[in-house]
Amino acid sequence: MALRVAIHPDNPQKRLIAQAAEVLRGGGVIAYPTDTAYGLGCTLSNRKGVERIIQIRQLPANHQFSILCPDLAEIARYARVDNATYRILRRFLPGPYTFVLEATRDVPKNILPRRKTIGLRIPGHPICLALLQAAGEPLLSTTLRLPNEDRILNDPEEIYARLTGQVDLVIDAGLLLTESSTVVDLTGETPVILRNGSGDPSVFV
151 MALRVAIHPD NPQKRLIAQA AEVLRGGGVI AYPTDTAYGL GCTLSNRKGV
201 ERIIQIRQLP ANHQFSILCP DLAEIARYAR VDNATYRILR RFLPGPYTFV
251 LEATRDVPKN ILPRRKTIGL RIPGHPICLA LLQAAGEPLL STTLRLPNED
301 RILNDPEEIY ARLTGQVDLV IDAGLLLTES STVVDLTGET PVILRNGSGD
351 PSVFV
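Residue numbers 151 to 355, in my numbering, belong to the letters of the sequence shown in order.
A portion of the hints provided could be inaccurate.
As the list claims (entries may be wrong) - FRET-style restraints, in silico, Cβ to Cβ:
| no. | residue 1 | residue 2 | range |
| --- | --- | --- | --- |
| 1 | Val-353 | Asp-256 | 28 to 34 angstroms |
| 2 | Lys-259 | Gln-205 | 19 to 25 angstroms |
| 3 | Glu-307 | Gly-177 | 24 to 30 angstroms |
To be clear, the hints were calculated from the coordinates, so they are not data collected in a lab.
Glycine is no exception: its CB is placed at the ideal position from the N, C-alpha and C atoms.
Please take these sequences and the hints and turn them into a complete structure.
If you want it as structure tokens, here you go:
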């Protein structure tokens, strides 16, 4: 049975954040809040966690997860960031955007099957940022949408009821949005919107 922890969305309790981070470091898979929607996540190095998330959501084996980082310095470790790209990231992160960038060798190969790019973001949610800092490494994340369903789960009570036994921890931050982040490809000369989401896409047009 999954553990359910209610954490204040604006002032996360350090003790509870530490508890959640311990679950992650121990190889756990969690349901947790971002600044857009609830997500499923595990630490970047957790190969078995990735396999569990793929099974829960019935995703293809080559599904491209997002990497959630606590700051721009961490993004620069996993992606190639030139000056122009850095200015864009600095302007829009933390925020409801995922940026597709060229990956570096620090990204585990099992996360990049036959791909050279990766989606990265810094969510602007206090719980998520505190969790990233406490976990000590980035999280691999995907939006909490269950198989054969179009809607994103946004009610922590429903998330717990439907995922207990499949995840190790559900962080209850109350009701959230049901819209994913806006995905922007920065690998070319100009930004390209790959998915419209909660972040305003018109700023890149």
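Going down the list of hints, with the structure as the test:
no. : hint                                     : verdict
1   : Val-353 with Asp-256: 28 to 34 angstroms : 29 angstroms, holds
2   : Lys-259 with Gln-205: 19 to 25 angstroms : 20 angstroms, holds
3   : Glu-307 with Gly-177: 24 to 30 angstroms : 26 angstroms, holds
Violated hints are absent here; each numbered hint is respected by the structure.
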